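Below are the chains, spelled out letter by letter.
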Amino acid sequence: MDLDYSQFLSMSHEVSLVVVLIVLLLADLLIKNKKAFQYLAIAAFALHTVAGFYSYTDLAGDAFAGMYVSGAAQSFVKNILNVGTLIVFFFSFEWNNNENKSGVGEFFFLTLSTLIGMYFMVSAGDFLFFYIGLETASIPMAALVAMNKKGTEGAEAAAKYILTASFSSGVMLFGISLIYGACGSLYFDEVQAAFTNITALHIFALVCFIAGVGFKISLVPFHFWTADTYQGAPTGITAYLSVISKGAAVFAFMCILYKAFANEPDVWQNILWWLIVITITIGNLFAIRQKNLKRFLAFSSISQAGYIMLGVFASSQTGMSSTIYYILIYMFTNLAAFGIISAIENKTGKVGMDDYNGLYSTNPKLAFAMTLAMFSLGGIPPFAGFFSKFFIFAAVAEHGDYLLVFLALLNTIISLYYYLLVVKAMFINKSDSPIETIKIDAMSRVALLVCVVAILVIGFISSIYMNIYEISFGFAN
Amino acid sequence: MIPVEAYLVVSTLLFFIGVYGFLVRKNLIGILMAVELILNAVNINFVVFNRFLYPDHLEGYIYSLFVIVVAAAETAIAISIIINVYRKLKDVRVDSINELKN
Numbered sequence: 452m453d454l455d456y457s458q459f460l461s462m463s464h465e466v467s468l469v470v471v472l473i474v475l476l477l478a479d480l481l482i483k484n485k486k487a488f489q490y491l492a493i494a495a496f497a498l499h500t501v502a503g504f505y506s507y508t509d510l511a512g513d514a515f516a517g518m519y520v521s522g523a524a525q526s527f528v529k530n531i532l533n534v535g536t537l538i539v540f541f542f543s544f545e546w547n548n549n550e551n552k553s554g555v556g557e558f559f560f561l562t563l564s565t566l567i568g569m570y571f572m573v574s575a576g577d578f579l580f581f582y583i584g585l586e587t588a589s590i591p592m593a594a595l596v597a598m599n600k601k602g603t604e605g606a607e608a609a610a611k612y613i614l615t616a617s618f619s620s621g622v623m624l625f626g627i628s629l630i631y632g633a634c635g636s637l638y639f640d641e642v643q644a645a646f647t648n649i650t651a652l653h654i655f656a657l658v659c660f661i662a663g664v665g666f667k668i669s670l671v672p673f674h675f676w677t678a679d680t681y682q683g684a685p686t687g688i689t690a691y692l693s694v695i696s697k698g699a700a701v702f703a704f705m706c707i708l709y710k711a712f713a714n715e716p717d718v719w720q721n722i723l724w725w726l727i728v729i730t731i732t733i734g735n736l737f738a739i740r741q742k743n744l745k746r747f748l749a750f751s752s753i754s755q756a757g758y759i760m761l762g763v764f765a766s767s768q769t770g771m772s773s774t775i776y777y778i779l780i781y782m783f784t785n786l787a788a789f790g791i792i793s794a795i796e797n798k799t800g801k802v803g804m805d806d807y808n809g810l811y812s813t814n815p816k817l818a819f820a821m822t823l824a825m826f827s828l829g830g831i832p833p834f835a836g837f838f839s840k841f842f843i844f845a846a847v848a849e850h851g852d853y854l855l856v857f858l859a860l861l862n863t864i865i866s867l868y869y870y871l872l873v874v875k876a877m878f879i880n881k882s883d884s885p886i887e888t889i890k891i892d893a894m895s896r897v898a899l900l901v902c903v904v905a906i907l908v909i910g911f912i913s914s915i916y917m918n919i920y921e922i923s924f925g926f927a928n
Numbered sequence: 007m008i009p010v011e012a013y014l015v016v017s018t019l020l021f022f023i024g025v026y027g028f029l030v031r032k033n034l035i036g037i038l039m040a041v042e043l044i045l046n047a048v049n050i051n052f053v054v055f056n057r058f059l060y061p062d063h064l065e066g067y068i069y070s071l072f073v074i075v076v077a078a079a080e081t082a083i084a085i086s087i088i089i090n091v092y093r094k095l096k097d098v099r100v101d102s103i104n105e106l107k108n
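Protein sequence lines correspond, in order, to chains H and U. Using the numbering used here, you'd call the opening residue of the first sequence number 452 and step up by one each time. Using the numbering used here, you'd call the opening residue of the second sequence number 7 and step up by one each time.
Don't read these hints as lab results, they were simulated from the structure. Mixed in with the good hints, there may be bad ones.
[Claimed, not checked] The list that follows gives simulated cross-link-like pairs (lysine to any residue, SDA-like), each with its CA atoms no further than 25 Å apart:
| hint | chain 1 | residue 1 | chain 2 | residue 2 |
| --- | --- | --- | --- | --- |
| 1 | H | Lys742 | U | Ile103 |
| 2 | U | Lys96 | H | Thr603 |
| 3 | H | Lys552 | U | Asn46 |
| 4 | H | Lys798 | H | Leu476 |
[To be verified] Residues from chain H that face chain U, not an exhaustive set, calculated with beta carbons under 8 Å:
| hint | residue |
| --- | --- |
| 5 | Ser457 |
| 6 | Leu460 |
| 7 | Gly522 |
| 8 | Glu586 |
| 9 | Ala597 |
| 10 | Thr603 |
| 11 | Ser617 |
| 12 | Gly621 |
| 13 | Leu624 |
| 14 | Phe625 |
| 15 | Tyr631 |
| 16 | Asp679 |
| 17 | Pro815 |
| 18 | Ala820 |
[Said to hold, decoys possible] So the derived list for chain H, only partly shown, Cβ under 8 Å to chain U, looks like this:
| hint | residue |
| --- | --- |
| 19 | Leu579 |
| 20 | Ile590 |
| 21 | Ala594 |
| 22 | Glu607 |
| 23 | Ala609 |
| 24 | Ile613 |
| 25 | Phe618 |
| 26 | Ser636 |
| 27 | Thr863 |
Source: prediction; values computed, not measured. Cβ coordinates follow ideal geometry from the N, Cα and C atoms, glycine included.
For reference, chain U alone in the conformation it holds in the complex (with noise of 0.2 Å):
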């Protein structure tokens, strides 16, 4: 069977290549990618706890529903406003947006 070790160790890589992915990507698609495999992290972290060292109850299947089902939301509105900012500056890197200054 595969230790329990081995799965968080996948989970807590999926992390922090999300936390690289945001800080380095210049694309905003690539940084709500990004922000995908952070959650993903999450969900296997939470499935793994779970199934492993309390598998008497739900909790942490049922977190990562949750976690599933507002991710998606989040993502629908993250597309939408970027489907807005590519039409007024027909770009999406993030370069191109720094009106915002003082």
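Pulled out of the complex, with its shape left as it was, chain H reads as follows (with noise of 0.2 Å):
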């Protein structure tokens, strides 16, 4: 049987991507000087991004028989990806530059590796070519967890990250494998049609599906690891894990959930409206107690990734674009807070909140972004936290959960408590001996002042919501 050549034409994005995989692995043998690499690499991505933006109107396909699955929603997910991406890059120039002992060719290309995998989730049609995304995009990450040399910590980071992966997707991958015997088929939109007349073994494949991604996306009670790995990687790799690589994993859930299991939306809806009210509860109770900001924001993105799949529980065209608009303006605020974080570790290597006690009398813009980026993630309006949060509670209330509506909202009050905590730290604290006045470097002032211009005006171009909108499918029937 020949191979139809044309169909790799709607793998754009992956194919682009590997270009760019392969030019910096040979960049690498040839170029010696770390800041070179650097700016080769950075260009190749920028590059590979622009192209993103200028192929995705007129992509749409399949390749492999239907495995792959490409359309607008798809290109545009990739797209926010990667711009997530490029920004990470920006705040690592200065830690690769100093800190990285282990080879910046490596930091490129294993953190180019999972972002192909989480194209591949992002396109999937069918549960195999899932399964291989989430594995490439897993795997190579717990390499980069590990690669702070100093101390024990990135060691114990990534051993308790690549355990916690394997067990969830040897979990997942039982409730795949109940799934085939149950529907005979992996394609989502052959066990779409398989699943129906719930039986015990439906509801349990189900329940172990769940349990698998819920253990990628940090759900409680699958949240265990986040902390520690957030505190012991690079801060670099911690934004990318809590921003980049959820994103693309809520996202392939939640096309997962609205086609092959679109049938009988009831079992799943029953078990995400447990986990989102335990996820977005526990997560903001132990964000309250932290002390150190890193760990301080893995709390902050466990209850935030509660928020995000509550647009993935509305399961309508506005829950999705409603999803995928969370996911953008989550990725600008997050990765300003974070980027502030790692350019002062990289500085003075201080990441306690108590250290941050005045920081606005000695850097003042640093406090001011750090305070915008607070207030985001909290939702208070104006900044684009506020539609975000905006447009997530219309979605479930569209679909008629008041009680939800309610919940998450008095949730939010108690996550502004702790988000306004450290801009009084900011602010407000007296400290003896205060973060001294730093310079941060060029690219990471770049990468800081595009994400505070996106926390300030993306919410006022509302045809950016609209466009998503019009990208965006419900239930796949």
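With the hints in hand, could you dock these two chains into one complex?
In structure tokens, the structure reads:
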């Protein structure tokens, strides 16, 4: 049987990323200067990002007999992931120059390998393809987490990450194998047709599957690895894990729920309802007592994951568009927070909440940007985070579950308390030895500026949400 | 002929032994072995479903091949990370890796 090579045209994102990967692999052999290599890598990836925007409109189609599906929504999500990764590269520039002893080439190669895995997850049309993407995204990630060679923290974080990741994919696979046994196929559309007349087998399969993916998105009660891994990993990688990797996993999960399990939404909506409520609540309550800012953001990102899942729960076109919108805004906001933490950590090595006391007196600009990020994460108008929360709540309300909206709103108030704790530390608390005035490098400054501008204006450009709404889809049937 | 249920009982037992092992083992290598048990349970499931329920196509067989390959990659990374932990701490028991705490 002849292979139709034109199907690779619909995989333009993947093909171009593979080209970037090969170029970087060769360049790593030739260019010994760390700085020169980083400029090349960032330029190549930026080119790929721009190309992604230009190719995305006329791409629709599938490859490998429907295992790979690409449409406007998938391309849009891949573009979001690209932009986020680019920002992470900008923030990691200084760290790569000074601290990274394991090799800069490896950093870029591993990061982009995980990115290609996320592309596969996002574009999956079949459980096999989804699984391969998930593993391609999570195995190199363990190596990235272990890149911090100083002390034992990196090794410990990586050990916790890889063991829970492989366990969770084992549980997820068990679910998939039962789905295969019950439905006789692994294609999402064929599973959808066969996933009726629910029995205990179907429900157990679904529970295993959701539990396995829940580990990746770090929903409570599958969140125990999150805080330790976030704390031990290099800060750039933590940002990548908390935003890019989570966003891709949520989108892929949403596609599977909407496509494969569309016939019996009640079953998984019930599971998700409880997962969302405990995720938001537990994430919030634990975030309050954290003293290390990376751990603090880890728990904050757990509770944010709960908010993102609200859009998935809504299971409609509005639900999907509000989820993508939330991922977009959450990306800029969280990356801004992590960028500041990473810049300060690179210069001074401080990540404690108390270390930030009096930051405003020495570094007013950084304190201001951090305040914006915290306000946006908390959902205070007029910042972008308010609009993303608004659309998500509107989607759930449209679905008709007012109790869930109420519980989520209640939790937003709790979350405001701990986000403002950081602001209070920076502006009000006095300190005898505040962090000295630091000058962050040009790359981080550019990335931070982009994030801050995005936080300020993205909520007001309503055409962004309308665009996302047009390319979203609800249930496939 | 051995009925299909017998195979499924074996695979389910294997799965839950793996989950139990993951939760109670104190040694990182032991935890890794427990995960392997889970993956083998999955493989048995795929092969059995394919052989007995849907014998006219190959999806399950192919999936189990992929699971084997990915599990090998995963184990390689996990073992190297565990060696890294051992070099730093001279120990691979769970109790001794507890530096990351609030």
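Against the structure, the hints come out as follows:
Of the pairs offered as hints, the one joining Lys742 of chain H and Ile103 of chain U holds, with about 20 Å between alpha carbons and a cut-off of 25 Å not exceeded. For a cut-off of 25 Å, the pair hint linking Lys96 of chain U to Thr603 of chain H stands: about 11 Å separates their Cα positions. For the proposed pair Lys552 of chain H and Asn46 of chain U, the alpha carbon gap of about 37 Å is over 25 Å, so the pair is violated. The straight-line distance between the Cα atoms of Lys798 of chain H and Leu476 of chain H is roughly 30 Å, outside the 25 Å bound, and the hint therefore fails.
With a least beta-carbon distance of about 24 Å to chain U, the hint placing Ser457 of chain H at the interface is violated under the 8 Å criterion. The beta carbon of Leu460 of chain H is not positioned within 8 Å of any beta carbon in chain U (closest approach about 25 Å), and the interface hint is therefore violated. At its closest, the beta carbon of Gly522 of chain H sits 24 Å from a beta carbon of chain U; the interface hint therefore is violated under the 8 Å criterion. Using the Cβ-Cβ criterion of 8 Å, the hint placing Glu586 of chain H at the interface with chain U is satisfied: the shortest such distance is roughly 5 Å.
Because the closest C-beta pair between Ala597 of chain H and chain U is about 6 Å apart, less than 8 Å, the hint holds. Using the Cβ-Cβ criterion of 8 Å, the hint placing Thr603 of chain H at the interface with chain U is satisfied: the shortest such distance is roughly 4 Å. Because the closest C-beta pair between Ser617 of chain H and chain U is about 5 Å apart, less than 8 Å, the hint holds. The beta carbon of Gly621 of chain H comes within 4 Å of a beta carbon in chain U, closer than 8 Å, and the hint placing it at the interface holds.
Checking Leu624 of chain H against chain U by beta carbon gives a least distance of about 4 Å; that is within 8 Å, so the hint holds. Using the Cβ-Cβ criterion of 8 Å, the hint placing Phe625 of chain H at the interface with chain U is satisfied: the shortest such distance is roughly 5 Å. The beta carbon of Tyr631 of chain H is positioned within 8 Å of a beta carbon in chain U (closest approach about 6 Å), and the interface hint is therefore held. Contact between Asp679 of chain H and chain U, as hinted, is supported at the beta carbon level, the nearest pair being about 4 Å apart and thus within 8 Å.
With a least beta-carbon distance of about 29 Å to chain U, the hint placing Pro815 of chain H at the interface is violated under the 8 Å criterion. Because the beta carbon of Ala820 of chain H sits about 26 Å from the nearest beta carbon in chain U, more than 8 Å, this interface hint is broken. Because the beta carbon of Leu579 of chain H sits about 6 Å from the nearest beta carbon in chain U, less than 8 Å, this interface hint is met. The beta carbon of Ile590 of chain H comes within 5 Å of a beta carbon in chain U, closer than 8 Å, and the hint placing it at the interface holds.
The interface hint given for Ala594 of chain H is met, as the beta carbon of that residue sits about 6 Å from the closest beta carbon of chain U, less than 8 Å. Nearest Cβ of chain U to the Cβ of Glu607 of chain H: about 5 Å, under the 8 Å cut. The hint holds. The beta carbon of Ala609 of chain H comes within 5 Å of a beta carbon in chain U, closer than 8 Å, and the hint placing it at the interface holds. Residue-level restraint check for Ile613 of chain H holds (minimum Cβ-Cβ distance to chain U is 5 Å; threshold 8 Å).
Here the hint on Phe618 of chain H is kept, as its CB sits about 5 Å from the closest CB of chain U, short of 8 Å. Because the beta carbon of Ser636 of chain H sits about 7 Å from the nearest beta carbon in chain U, less than 8 Å, this interface hint is met. With 8 Å as the threshold, the beta carbon of Thr863 of chain H stays out of range of chain U, its nearest partner Cβ sitting at about 24 Å, so the hint is violated.
When held up to the earlier numbered hints, the structure conflicts with 3, 4, 5, 6, 7, 17, 18, 27 and fits the remainder.
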